[in-house]
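K.L.:
Position chain B relative to chain A; hints supplied.
Heads up: the protein sequence lines correspond to chains A and B, in order. Take any residue in the first sequence, note its place counting from 1, add 470, and you have its number in the working numbering. Take any residue in the second sequence, note its place counting from 1, add 12, and you have its number in the working numbering.
Each statement offered as a hint is correct.
The list that follows gives simulated cross-link-like pairs (lysine-lysine, DSSO-like), each with its CA atoms no further than 30 Å apart:
no., chain 1, residue 1, chain 2, residue 2
1, A, Lys846, A, Lys858
2, A, Lys507, A, Lys619
3, A, Lys800, B, Lys246
4, A, Lys514, A, Lys745
5, A, Lys769, B, Lys332
6, A, Lys836, A, Lys800
7, B, Lys332, A, Lys745
8, A, Lys705, A, Lys846
9, A, Lys836, B, Lys255
10, B, Lys246, A, Lys692
11, A, Lys769, B, Lys255
12, B, Lys332, A, Lys800
13, A, Lys536, B, Lys159
14, A, Lys769, B, Lys246
15, A, Lys492, B, Lys332
16, A, Lys745, B, Lys255
17, B, Lys159, A, Lys769
18, B, Lys159, A, Lys770
19, A, Lys778, B, Lys332
20, A, Lys839, A, Lys478
21, A, Lys492, B, Lys255
22, A, Lys839, B, Lys246
23, B, Lys255, A, Lys770
24, A, Lys770, B, Lys332
25, B, Lys255, A, Lys800
26, A, Lys839, A, Lys769
No lab work stands behind these hints: they were computed from the structure. Every value quoted in this text rests on a predicted model; they were computed, and no experiment measured them.
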Amino acid sequence: MQDFKELKIGSSNEVWQNGLAKTITFIVTEDCQLRCKYCYIVGKNTFNRMSFEIAKEAIDQILLDKELSNEQSIIWDFIGGEPFLEIDLIDQICDYIKIKMFEIDHEWFNNYRFSFSTNGLLYDEQRVQNFIVKNLTHLSIGITLDGTKQKHDLQRVYPNGKGSYENVLKNIPLWLSQFNNAGTKVTISTDDIPLIKDSVLHLWNLGIKEVNINVVFENVWKENDDLLFEDQLIKLADEIIENGLFDKFNCSFFSRHIGQPISLEDNQNWCGAGKMLAIDYQGNYYPCLRFAGFSLQNKKPIIIGNTKKGIDSNKLRPFLTLDRTTQSTKECIECDVSSGCAWCQGANYDFADTHTIFQRSTYICKMHKARVRANKYFWNKMDSLLSKGGLND
Amino acid sequence: MIEYAVVILEKDSTSFCYYNNETKSLSSDRQLMSIELLESIVSYAIKNNLTVHYLYGNTALPKEYETLINKIEHTKIQPISYPKIHKNAILVINPDELDLLAGLRRNLERNIILRIGVEQINNLSQYVTPLLSKCKRINIMLLDMDKFTQVEYDLYQKEITSVSKQLTRLYKSSKSTELNIVTDRMLLSEMNNCNAGLSHFTIAPNGEFYLCPGFYYSGSDDSIGNIRDGLFIKNAYLLELDKAPICRNCDAYQCKRCIYLNKQTTLEINTPSQQQCIVSHIERNNSKKILELLSQEIKEFQYLPEIPEIDYMDPFELVKYNNSFNAHDSINVNDVQDSINVNSKETDLGTIPNNIDNLTDRELLESIFRMQNEIINRLTK
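For reference, chain A alone in the conformation it holds in the complex (with noise of 0.2 Å):
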């Protein structure tokens, strides 16, 4: 009989170094190609664009400044809008990052990784391919792909209103072949919650075998649609079973760690904003992205330091002592299905009733809720086949 720790669904994605590696975040553009209705990054724009003597700027201060590399390892990570916008530019910070640790003997040289969340667009291009063919021993890529065409594009649309499906699908099997592991990352909005089951499938018969999907933080919830959302989860839930997929694929909505009480003691904060540093386009850091003037809908970026001065350590205090039960409600606190429920800090900012990152926002409690129901439903329907052994039929 198989043991259910032997399953595909519901394992625990592999995280380079156990997660313990410093993140550097370059914003290299805040331009982009797509205007993803559900996208977070509310300042898109075609002029704000990182320069060389920035990023190395910023290089110079990290690699030698102890305080802010004590880390065994490094993650160093393009993002935008879109990264391969600007892939001259990355390839020559790249190329400075490796030169500059070599140079300085840092313990970083060789536990590194280039990482990038791209739309896949340009992904086929040459100076593209020929920076990936260069870096691939320290590379990671994940390319979004929402789905199938319809639940794609409804979302990832040009300015003009056109879906990009069929532009990023002809890059997906290149990109397969180059990590043969790679995820996607999969974002839910309340329009799209019919169309989950079947993008989780599509995704999965691409041969992308590792979906990891979210629900957004925004407050676009409908009534029902924590109904609906069930509903889905269940049929995928079915389908999986049926067909027994569950040991070739994963999809992290499911997951048996989610849906219990945490304890009191188990004070520890969802998000890792501050622990990981985010560079603009004027030097300016951030505590993550998020923090970025470009990505908030009602608050001013929180700076807390830059290339010139450094960090200011004070500025970084809240996010280095934020804990879950100061940020939650008494009612977040209590909830007996509280594990798995996720929260961005800086959602949390942009949406608290002050200027504060110590207010959780709590739009998707009850689609939480659907979810920890569906996974109960999943793992007893899987428990079951596997105390009849069924697995091996």
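P.N.:
Frame of chain A, contents of chain B only:
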């Protein structure tokens, strides 16, 4: 529960705390609160059972204002340059008024607030020492704390040591002037923070409510109500000590935990700056030494709770990256003793001696039995 309102009578009113009144002297027009607004405030205070702390400027108020002010239980906070200082007023001495100290008369009922700028720290003991025998209590307010570096910390340490010696001499000669930065921690067994927004709020000359005058003068849009609609504090839970991850683990009880400085330096009202924490710990650790010294010579001080030895100057060091930290996790023998003593007060076992070795087995067991389960769990671990 809100107990009192701080009323800024005019835009040029003196600062009495850490904030600076940047608008002072910028305008030649006197921007006095309207008499109608003052009337409304007095009515509001009576209706809501509040006392009032009036903040004065340095120009005499019209007579009708004084008449209104006296209609309700209140405290006057007046700058030393005010023409007719009331005998019971709290007196504020600003950094540019320190030369007026020499002429100050002795009044052993008087509370004095001495605001010291960053460039004046090296003369702190020189300013304070003559005052020690002239008043009942001195509150030192260190300004521009966010600019402090190791240089200022060292200077402050030196000055606070110096002034403590003078204070010790006074105590030995049976005088008992209070000096916030030295004596408060000795007398406290729990946090004694400013509590802006919890026990008081501020009414500005524009009729708007603020958490404290600092929020008014910083020009922020952080109004928390007004005289027409009343008080409404959004996210008020962030004012509570248990919602302050650094402070709730701290025992620098004399710290004002200034939410205005917090906001200015860390952008969060519940998170203190490194400078505020270090300054408070310089004071705390100095108080520990002085208490040990005084308790050897003066009987009354032997009854005050011992201040434990700690190995940090900034409690942030204990909680950073460890968002489930609780200082009591690192409990040691001294902490055990303190726990028993604290608990014994609560349970009326005040006769248990400080030294745990002097307890009989029964007394020890009884004390452990009366401890909170939380502490017992930690001891077991």
